[in-house]
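All residue numbers for the sequence shown refer to UniProt numbering, where the first residue is 1 and numbers rise by one.
Hints may be right or wrong, so weigh each one.
To be verified - Cβ pair distances, simulated, as ranges:
#1 E422 to E100: 27 to 35 Å
#2 R219 to D333: 41 to 49 Å
#3 D264 to H307: 33 to 41 Å
#4 I445 to C340: 35 to 43 Å
Unchecked claim - As a list, the in silico EDC-like pairs of lysine to aspartate or glutamate whose alpha-carbon atoms are at most 20 Å apart:
#5 K75 to E278
#6 K174 to E253
#7 K387 to E66
#8 K174 to D245
#9 K42 to D264
#10 K174 to D351
#11 K378 to E348
#12 K387 to E413
#13 K324 to E420
#14 K174 to D48
#15 K378 to D367
#16 K75 to D118
#17 K339 to E413
#18 K317 to E284
#19 K387 to D297
#20 K387 to E435
#21 K174 to D188
#22 K387 to E337
#23 K75 to E33
#24 K317 to D370
#25 K332 to D176
#26 K317 to D297
#27 K387 to D457
#28 K378 to E413
#29 K387 to D230
Hint data in this document are derived by calculation from the structure and do not stem from the laboratory.
Computed from a prediction, not measured in an experiment: that's the story for all the values here.
Backbone N, C-alpha and C define an ideal beta-carbon position, used for all residues, glycine too.
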Amino acid sequence: MITPVIMAGGSGSRLWPLSRQLRPKQFLPLTGEDTMLQATLKRLSPLDHAAPLVICNETHRFLVAEQLRQQGVEKAQILLEPEGRNTAPAIALAALQAAEHDSESLLLVLAADHLIPDVAAFHESLAQAQQLAERGHLVTFGVVPTHAETGYGYIQRGERQGDAGYRVARFVEKPDRATAQDYLGGDDYYWNSGMFLFRARRYLEELERFQPAMVSACRAALAGARHDLDFIRLDEDAFNACPADSIDFAVMERTADASVVPLDAGWSDIGSWSALWEVSEQDEQGNVMHGDVMVHDSHDLLVHAEHRLVATVGVDKLVVVETKDAVLVASKDRVQEVKCIVERLQAEGRDEHQNHREVYRPWGMYDSIDRGGRYQVKRITVNPGAKLSVQMHHHRAEHWVVVSGTAKVTNGEKSYLVSENESTYIPVGQVHALENPGVIPLELIEVQSGAYLGEDDIVRLEDQYGRN
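Put together the whole structure using the sequences plus the hints.
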């Protein structure tokens, strides 16, 4: 039985301002109606497979759970990493978890943010990989290159292994342009996809040989884990003591049983805006447009408008991305440098690299409409049946005005309903709660006033999502 292991970490900083730390690219619908994570799950549907195991960090746990729910995925296990330790420990955790139920389980390791348009070709390569994995090989998928790419590592294939793939001759780090061009001229080099198929037991055996301390730390982290709602929380101290390393360096470059199966399915890791332009439908002028966009005498653009009209005149080879709180204009040839802007935002203590103006929570979302020195205005949406934590604030008071739906408000010792066009007031220091008892979303405007308005002035006393 195949157990899908979906790696859902990462920040996707090169796709800023759309991708941000609290809602990175794997949770965004970049190439269709489904998010990248949901498209990864859909890709598995023809397989006879066990419930997926998703590995993510704690910050994204509710995003993962909600997107799994939307896809109708039940009984998935969600492992929460206290801290990112790269891919080798994450996969070790998945292997240990899977081996508890079936020591012969095949792990199909996938990234949550990859695009594979030709699903049939993907399953053909997977069938070949399964033949090798069942014989004890550790299989990776080598993407047949379409151009001289310097942003990917490469895999050189060795001798043929029957009818199913090749032995890995060597792994190659990201090459320069001339070397990548040489690789493209032959037929024995593939892009390193970062996807794998192997028995859980075989991966642990090889990792034990090369990185025994890593296996020990992962065993301890799982032994001390606890279940919290839909999540498995690892023992933080044990996991943080684990050595950090990638699966390539820790195992695949050192094992004698590494194999590669070619994959020709339109694969992309959508690692930059130019990569998204390449895989998107273009008009006759080579433009990719999303949202309210007008172009005049412009060519080879990617224009993404989220909330307002974006117009271009007489420009070529640009990326223009508009969100509620940021606009990016970049040369399409230099989009890898977007991460420099993200680093600068972080260094200057700004939050545009971390949050959108719209922030999602397990109970719904809020949009920071306006703010000044001593006030902030938010539009809050509470999902039907959802409830915010029982909380209080030391530095701010709040006024709530219900726009649609009905709110159930706890305000000190009182509990009451607030309907459309009605309002209520929460004084500084008052214990309070907000919930939506109805069947339609609750929309309200919240006006905060006080000396300090930061999110860390929330003292949670009770919380059904385990955040207190």
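Hints and how they fare:
1. E422 to E100: 27 to 35 Å: Check failed, 53 Å falls outside 27 to 35 Å.
2. R219 to D333: 41 to 49 Å: Given about 47 Å between the Cβ atoms, the range holds.
3. D264 to H307: 33 to 41 Å: Roughly 38 Å apart at Cβ, these two residues keep to the hinted range, so it holds.
4. I445 to C340: 35 to 43 Å: holds, 37 Å
5. K75 to E278: violated, 36 Å
6. K174 to E253: The given pair, whose Cα atoms are some 15 Å apart, holds under the 20 Å limit.
7. K387 to E66: holds, 16 Å
8. K174 to D245: holds, 17 Å
9. K42 to D264: holds, 19 Å
10. K174 to D351: Since the Cα atoms of K174 and D351 sit roughly 31 Å apart, the hinted pair is violated (cutoff 20 Å).
11. K378 to E348: violated, 24 Å
12. K387 to E413: holds, 17 Å
13. K324 to E420: Violated, at about 27 Å.
14. K174 to D48: violated, 35 Å
15. K378 to D367: holds, 5 Å
16. K75 to D118: violated, 27 Å
17. K339 to E413: Not OK: K339 and E413 at ~49 Å, beyond 20 Å, violated.
18. K317 to E284: OK: K317 and E284 at ~14 Å, within 20 Å.
19. K387 to D297: Not OK: K387 and D297 at ~51 Å, beyond 20 Å, violated.
20. K387 to E435: holds, 4 Å
21. K174 to D188: holds, 16 Å
22. K387 to E337: violated, 41 Å
23. K75 to E33: violated, 24 Å
24. K317 to D370: Violated, because 34 Å separates the two Cα atoms, which is more than 20 Å.
25. K332 to D176: holds, 19 Å
26. K317 to D297: holds, 12 Å
27. K387 to D457: Answer holds: K387 to D457 is near 19 Å, not above 20 Å.
28. K378 to E413: Answer violated: K378 to E413 is near 25 Å, above 20 Å.
29. K387 to D230: holds, 18 Å
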